[in-house]
Amino acid sequence: GNSVTQMEGPVTLSEEAFLTINCTYTATGYPSLFWYVQYPGEGLQLLLKATKADDKGSNKGFEATYRKETTSFHLEKGSVQVSDSAVYFCAAGGTSYGKLTFGQGTILTVHP
Amino acid sequence: DTAVSQTPKYLVTQMGNDKSIKCEQNLGHDTMYWYKQDSKKFLKIMFSYNNKELIINETVPNRFSPKSPDKAHLNLHINSLELGDSAVYFCASGGQKNTEAFFGQGTRLTVV
Numbered sequence: 010g011n012s013v014t015q016m017e018g019p020v021t022l023s024e025e026a027f028l029t030i031n032c033t034y035t036a037t038g039y040p041s042l043f044w045y046v047q048y049p050g051e052g053l054q055l056l057l058k059a060t061k062a063d064d065k066g067s068n069k070g071f072e073a074t075y076r077k078e079t080t081s082f083h084l085e086k087g088s089v090q091v092s093d094s095a096v097y098f099c100a101a102g103g104t105s106y107g108k109l110t111f112g113q114g115t116i117l118t119v120h121p
Numbered sequence: 007d008t009a010v011s012q013t014p015k016y017l018v019t020q021m022g023n024d025k026s027i028k029c030e031q032n033l034g035h036d037t038m039y040w041y042k043q044d045s046k047k048f049l050k051i052m053f054s055y056n057n058k059e060l061i062i063n064e065t066v067p068n069r070f071s072p073k074s075p076d077k078a079h080l081n082l083h084i085n086s087l088e089l090g091d092s093a094v095y096f097c098a099s100g101g102q103k104n105t106e107a108f109f110g111q112g113t114r115l116t117v118v
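Quick note, the sequences are listed as chains A and B, same order. The opening residue of the first sequence carries number 10 in my numbering; numbering runs sequentially from there. The opening residue of the second sequence carries number 7 in my numbering; numbering runs sequentially from there.
Hints are computed from structural coordinates only; laboratory data are not their basis. There may be inaccurate statements among the hints.
List time: in silico BS3-like cross-link candidates among lysine-lysine, alpha-carbon distance up to 30 angstroms [stated by the list, open to error]:
| id | chain 1 | residue 1 | chain 2 | residue 2 |
| --- | --- | --- | --- | --- |
| 1 | B | K42 | A | K86 |
| 2 | B | K25 | B | K15 |
| 3 | A | K58 | B | K25 |
Chain B is nowhere near these chain A residues, computed Cβ spacing over 12 angstroms in every case [unchecked claim]:
| id | residue |
| --- | --- |
| 4 | A26 |
| 5 | Y39 |
| 6 | Q54 |
| 7 | K86 |
| 8 | S88 |
| 9 | Q90 |
| 10 | T110 |
| 11 | Q113 |
| 12 | T115 |
Quantities reported herein were computed from a predicted structural model and do not represent experimental measurements. The beta-carbon is built from N, C-alpha and C at its ideal position, and this holds for glycine as well.
All chains, full assembly: derive it from the sequences and hints.
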């Protein structure tokens with residue numbers, strides 16, 4: 010089955026800093042890739058996605074590019090805000106009735 | 007107009023009790039899931055149902071019994087609750103294979 014590995018957290022940044030959260034996957038075939046965000050006390054929300062190699066997903070200033078050659082889908086944002094403080098999950102789509110495989114989550118805290 | 011709704015949001019109960027969590031989706035999806043999130047934010051799939059049929063059962067104790075009366079509902083019943091069952095439980099729904107899932111707000115279960 011698929012597996013997803015995210016960089017260890019937690020990550021602490023100052024406002025306006027550059028953010029990278031690394032994500033790599035192993036899979037048979039070419040799964041769709043997703044980033045989800047979980048704000049405190051809330052459920053997971055889809056942040057962005059990419060369905061094939063070299064696709065770039067983007068939303069709210071966040072970006073991630075599907076890199077088949079490095080099996081990666083790193084999340085980036087040029088200038089983080091305090092309101093970006095949340096847990097970020099990388100996930101890979103599955104062939105088994107849509108089952109998603111999640112990474113372990115990365116806690117991001119942004120200080121003013 | 008909530009897409010995936012689960013109740014209750016919070017559930018505090020004593021060891022040994024039996025409790026249920028309800029989930030409903032209005033997205034017209036065929037597949038629904040239950041995930042468990044532990045205190046370290048790790049997400050683990052528990053069950054997946056496709057058109058009311060159990061598809062995935064990820065070595066969950068048989069004290070946990072999902073019930074799907076129709077494809078828009080997937081409830082989770084837990085018997086003989088234990089301290090280790092304390093977690094946040096998320097319901098989700100998804101469409102076709104390799105597509106994103108949509109999550110409910112979560113139910114924080116605390117067993118005392």
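Hints and how they fare:
no.	hint	verdict
1	B:K42 - A:K86	29 angstroms, holds
2	B:K25 - B:K15	13 angstroms, holds
3	A:K58 - B:K25	36 angstroms, violated
4	A26	22 angstroms, holds
5	Y39	9 angstroms, violated
6	Q54	7 angstroms, violated
7	K86	20 angstroms, holds
8	S88	25 angstroms, holds
9	Q90	21 angstroms, holds
10	T110	8 angstroms, violated
11	Q113	5 angstroms, violated
12	T115	9 angstroms, violated
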